[in-house]
Amino acid sequence: MGKKNKVTLNEHNVTNTADDFEDLSSDMKENLKDFRDKFRIDIVKYDHEKFEFDMIGIPPAIANAVRRVLISDISDTIINGKPDHHLFPFLKSELEGVNFESVEEVKQAVHSFIRGHAERLPRTRHPKAVLLVLVSVSDLLGSSWLCGEVPTMAIDRVHMLNNTSLMQDEVLAHRLGLIPLKADPRLFEYRTEEESEGTDQDSLQFELKIKCSRNVAAGNDKTLPDDLYIDHKVYSKHLKWIPIGGQEDLYKEEEIGPIHDDILIMKLRPGHEIELRAFAYKGVGRDHAKFSPVATAHYRQLPEIRILRSVAGEKARRLATCFSPGVIGIKKNKEGTEEAYVIDARYDSSSRNVFRYDDLKDCVEMTRVSDHFIFTVESTGALSPDILFIEALKTLKKKCKELSDQIP
Numbered sequence: 296m297g298k299k300n301k302v303t304l305n306e307h308n309v310t311n312t313a314d315d316f317e318d319l320s321s322d323m324k325e326n327l328k329d330f331r332d333k334f335r336i337d338i339v340k341y342d343h344e345k346f347e348f349d350m351i352g353i354p355p356a357i358a359n360a361v362r363r364v365l366i367s368d369i370s371d372t373i374i375n376g377k378p379d380h381h382l383f384p385f386l387k388s389e390l391e392g393v394n395f396e397s398v399e400e401v402k403q404a405v406h407s408f409i410r411g412h413a414e415r416l417p418r419t420r421h422p423k424a425v426l427l428v429l430v431s432v433s434d435l436l437g438s439s440w441l442c443g444e445v446p447t448m449a450i451d452r453v454h455m456l457n458n459t460s461l462m463q464d465e466v467l468a469h470r471l472g473l474i475p476l477k478a479d480p481r482l483f484e485y486r487t488e489e490e491s492e493g494t495d496q497d498s499l500q501f502e503l504k505i506k507c508s509r510n511v512a513a514g515n516d517k518t519l520p521d522d523l524y525i526d527h528k529v530y531s532k533h534l535k536w537i538p539i540g541g542q543e544d545l546y547k548e549e550e551i552g553p554i555h556d557d558i559l560i561m562k563l564r565p566g567h568e569i570e571l572r573a574f575a576y577k578g579v580g581r582d583h584a585k586f587s588p589v590a591t592a593h594y595r596q597l598p599e600i601r602i603l604r605s606v607a608g609e610k611a612r613r614l615a616t617c618f619s620p621g622v623i624g625i626k627k628n629k630e631g632t633e634e635a636y637v638i639d640a641r642y643d644s645s646s647r648n649v650f651r652y653d654d655l656k657d658c659v660e661m662t663r664v665s666d667h668f669i670f671t672v673e674s675t676g677a678l679s680p681d682i683l684f685i686e687a688l689k690t691l692k693k694k695c696k697e698l699s700d701q702i703p
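Residue numbering for the sequence shown follows our numbering, starting at 296 and increasing by one per position.
The set of hints was computed from the structure by calculation and includes no laboratory data. Fair warning: there could be bad hints in the mix.
[As the list claims (entries may be wrong)] Each computed DSSO-like pair below joins lysine-lysine, with the alpha-carbon atoms no more than 27 angstroms apart: (1) 477 <-> 504; (2) 627 <-> 656; (3) 504 <-> 547; (4) 656 <-> 345; (5) 629 <-> 656; (6) 656 <-> 610; (7) 656 <-> 693; (8) 477 <-> 528; (9) 696 <-> 656.
All chains should be modelled from the sequences, with the hints used to inform the complete structure.
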């Protein structure tokens, strides 16, 4: 692996970063075949709430574009007000008619998408085409998650009927809006009229009615609020779904409501009472963060650690403490001496604590692979990560179609 592919972590600085070299996009343009051959996506971990995957073979600027979604919108491929006529017809044809039913199909579609871009880049008219096309790819994976173009349902309007608690109405309404809801947004429409209360096609209604009272059965020796008061904690489970129109026939009660029942909204004291109606609508994170289906999304370069000389005994144990748990292990060598070795550098935090010890700082080499990025996306629970991935592709497809239809 060449020098350009390794970022070196030194004691006082970091070298061999992207800024230390000339324009990487020109190198990529000259080696499109290598790029097509080397680029890949590896799915590492997946469950209902967390999705971890690697993007391998892309420059750092493109990985950064995943997060900087405000400037990595697909509309950025319009330069000086003129769209690239070679690019968008391909985008439309490449994703047209593709039905994504699994993560593996999505992975294959992304590969085809990027390689197809690379094949057409030499025919584009702009020197920035390589970078801009890859930014579009990062938008595929990032914009719909981070900027929030994948829609969800969230409480957006609250009718406060009674609130004698210490929390102001607007603060309570804001907290309700941040509670992730269990409702498939694909089954609902966007609201068309701001003043309307909504219909069973575009709205969900919830009721919150609770009153705190004193527990008369509590003994004189009781001092904890849980013993002294009844209903003094307001949780998300107290939000009750009130069907609108024919929703009761369409959805089961367990299919609608807060994802987590134990989210603490506020605390009450005897005499405090809350009664309200809350309405949830379909929206995207670009309008408000409460609609974002992603809890966190971040990336980092793949760490690599190489032990340059044998480290044994007490030094080996001390070396292991300099790195994240599970990165450095200790085993007995042929002589029966405990010796340090690298178990898995992937999850090292790159704290560089090893440089605190003069007798250890020269025994390891710490680098990061500059074109290998580990992405982690955590869902709020409104949609599973694989659905987010699929919906992100659909969003990009829709964008490409709308823009390509405007090209003469």
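Under the constraints set out in the numbered hints, which ones does this structure not fulfil? Hint check: 4, 7 and 9 fail, others pass.
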